[in-house]
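**Q** These are the residues of each chain, in order.
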Amino acid sequence: MSAPVLIGYFDSEAQVLDATRAVREAGFVLHDVYTPYAVHGLDDAMGLEPSRLTWVCFGGGLLGCTLALSLQLYTSVVSWPLNVGGKPFNSLPAFIPVSFELTVLFAALSTVAAFLLRAKLFPGSRRSVLPRVTDDRFAIAVAPREAPSELDAAEDLMRRHGAVATDLLEEVAS
Amino acid sequence: MSHQHLSSLRVPLVTEPRTLGQLTEEICAPMERPPTWKWWVAFGIAVAVLGTGAGIVGYQVATGIGVWGLNKTIGWAFDITNFVFWVGIGHAGTLISAILFLFRQKWRTSINRAAEAMTLFAVMCAALFPVIHMGRPWLAFWVLPYPNDRGSLWVNFRSPLLWDVFAISTYFTVSAVFWYVGLIPDLATVRDRAKAGIRKAVFKVMSLGWTGSHRTWSRYETVYLLLAGLATPLVLSVHTIVSMDFATSVIPGWHTTIFPPYFVAGAVFSGFAMVLTLMIITRVVLGYEHLITLRHLENMTKIIIVTGGLVSLAYATEFFIAWYSGNPYERFAFMNRAFGPYAWAYWIMVTCNVVSPHLFWFKKIRTSPAAIFVLSLVINVGMWFERFVIIVTSLHRDFLPSSWAMYTPTMVEVGTFIGTFGLFFTLFLLFVRVLPIISIGEVKSVLGFARDGHAAPPHSPAKPVAEEPHPVAHRPVAAVPLAIVTRKDAPV
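Taken in sequence, the protein lines are chains A and B. Just so we're aligned: 173 in the UniProt record's numbering is position 173 of the first sequence, and the numbers increase by one with no gaps anywhere. Just so we're aligned: 10 in the UniProt record's numbering is position 10 of the second sequence, and the numbers increase by one with no gaps anywhere.
Hints are computed from structural coordinates only; laboratory data are not their basis. It is possible that part of the hints are untrue.
The calculated DSBU-like cross-link candidates involving lysine-lysine, where the alpha carbons are at most 30 Å apart (straight line), are [what the hints assert, rightly or not]:
id, chain 1, residue 1, chain 2, residue 2
1, B, K38, B, K200
2, A, K120, B, K364
3, B, K72, A, K120
4, B, K204, B, K72
5, B, K364, B, K302
6, B, K302, B, K72
7, B, K204, A, K120
8, B, K200, A, K87
9, B, K106, B, K364
For clarity, every value in this text was computed on a predicted model and none was experimentally measured.
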């Protein structure tokens with residue numbers, strides 16, 4: 001059985017930012033923070049590393065470009081060389097538009113796919129959602145490192161930083 | 001941000017005080033209540049037009065495209081005019097959602113969702129024309145490079161028409177993905193509001209299990225930024241490639257290097273006009289005047305002034321270069337455009353595209369929704385005529401007088417064009433009913449823009465919590481020590 005998770009609910013962005021910073025500085029383990037919109041500055045407050053999805057995007061683009069150029073060179077030079085007005089078979093400038101489009105297509109699709117995989121977003125997901133966090137509430141989920149008694153201190157801290165309600169849950173999806 | 005620096009130059013993006021909950025309520029309301037009679041009337045008309053268009057397309061597919069008014073030398077006319085027109089309309093959506101996002105223009109937040117939807121629908125309408133033009137649309141897949149049993153016959157990658165296939169399909173796919181990724185958090189909001197039933201089930205599947213976790217939000221923001229960065233050059237490339245359909249030919253009036261930037265400017269110009277047309281109707285019908293504010297409309301009219309200026313400059317440059325090049329065919333083509341048999345179309349184009357946008361220099365016109373609405377329609381008409389002028393006037397008088405001909409559209413062509421408007425508005429009206437047309441998450445994030453933190457209005461249902469006073473909040477931005485203005489904190 002997993003350790004219980006303490007949830008503190010907040011009404012405003014400012015409070016959740018302050019509280020997140022305080023909870024982390026006090027040495028509690030932040031399970032996650034739930035917000036109805038992307039709160040800027042929360043990355044720093046939670047101490048999140050920058051996402052590595054940019055590399056996926058770069059790789060996807062590179063793959064798309066390579067595939068597009070290979071396909072065009074293979075079809076136009078090897079498989080079906082067509083002499084049009086004596087122009088070269090490997091007319092690279094003419095291949096740039098399609099290569100560009102496929103670079104963008106592969107980069108975009110692979111980034112989104114990687115994001116969905118990493119964030120475990122898929123149709124049919126049965127994760128439960130904390131009340132009102134997709135509407136007008138902000139929530140901080142604190143997982144205690146050791147004893148559940150630590151949670152009292154964490155609850156106190158969050159109350160002092162403006163938590164309007166707290167709750168103890170057995171398990172919370174991130 | 002909580003410690004937002006307020007400048008007297010900034011005005012709130014949401015003009016009336018709202019709580020987060022009220023915003024959710026307001027934006028979800030049109031989807032959750034039964035449709036009004038106005039919606040039914042509009043939808044009825046749109047579906048009727050779509051049905052007529054579908055019937056006409058069915059007739060021409062069954063009969064063959066001989067039913068079009070095209071002739072030996074004018075092989076392209078209404079079909080490609082409409083194709084370029086619709087693709088151009090689509091561009092403003094991506095411009096608003098991607099380019100303005102990269103430029104940190106926060107005023108885009110309440111119009112980007114609808115503009116992106118408009119992009120998708122416009123591209124669908126555009127794609128219909130080349131497909132119908134093929135005559136045998138069920139063989140449309142022949143344009144794709146796939147291993148086939150006709151020897152080693154491949155598509156011709158040196159043809160701008162094939163570039164179009166890749167450009168348009170990539171554009172559509174990336175726009176759709178961008179739009180959907182932007183929708184996920186809002187779909188979750190709708191899911192959590194819905195009572196058990198079909199709506200709940202559908203939104204549960206579509207929202208992919210979004211929980212509002214900030215770890216996910218953080219990655220989501222990265223993905224959104226990357227998609228915006230990818231979509232931006234894509235916008236420019238798509239219309240550039242469309243312009244190459246013309247520019248790589250040798251026909252006088254088409255064979256010009258100015259086409260790519262000229263087409264892109266024209267696309268943005270017409271696209272913004274269409275966004276304005278739709279947004280002005282939407283804000284009034286749904287009562288979103290405080291979300292899609294006069295300022296949004298005004299900003300868009302300013303973009304129209306700029307792009308209208310670019311388009312005018314392109315017209316002038318074309319004329320100048322035609323004269324300066326000393327090429328008699330080129331000179332003739334342009335004189336013929338202005339004073340030949342299709343001069344009426346040319347002057348409609350000039351009046352609508354060169355003259356009318358300058359009315360937006362007047363603040364009174366720029367801030368009057370009725371005036372903007374009329375002018376946006378005028379610009380749409382003008383931009384349609386621009387494509388018509390480029391295509392028909394160049395083809396009807398080419399190098400050989402023996403191949404000169406006149407072109408008149410038939411009822412089938414006009415009907416197909418009108419039918420695409422039916423498709424466009426049917427899809428848009430359905431969109432208004434089934435999805436949040438304003439990005440809930442993004443508008444919530446700008447709710448505090450140019451306001452003192454997130455001070456709740458007095459009628460707020462949420463319990464007002466005593467906030468720390470922000471002494472810096474009311475001072476002008478210059479009074480704040482620069483050190484605390486980090487890049488992320490600075491509201492742009």
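**Q** Look at each hint and say if it fits the structure.
**A** Okay, the hints, checked on the actual structure:
Between K38 of chain B and K200 of chain B, the direct Cα distance comes to roughly 26 Å. Compliance with the 30 Å bound is thereby established for this hinted pair. Of the supplied pair hints, the one linking K120 of chain A and K364 of chain B is violated, its CA atoms being roughly 51 Å apart against a limit of 30 Å. For the hint linking K72 of chain B to K120 of chain A, the alpha-carbon distance of about 57 Å lies beyond 30 Å, and the restraint is violated. Of the supplied pair hints, the one linking K204 of chain B and K72 of chain B is violated, its CA atoms being roughly 55 Å apart against a limit of 30 Å.
Our distance criterion of 30 Å between C-alpha atoms is met by K364 of chain B and K302 of chain B, whose separation comes to about 13 Å. Taken as a hint, the K302 of chain B and K72 of chain B pair is broken in the structure, with Cα atoms around 43 Å apart against an allowance of 30 Å. Simply put, K204 of chain B and K120 of chain A have alpha-carbon atoms about 14 Å apart, close enough for the 30 Å limit, and the pair holds. In summary, the hint linking K200 of chain B to K87 of chain A is not supported, as the alpha carbons are separated by about 59 Å, beyond the 30 Å threshold.
As the CA atoms of K106 of chain B and K364 of chain B are separated by approximately 24 Å, the hinted pair is consistent with the 30 Å bound.
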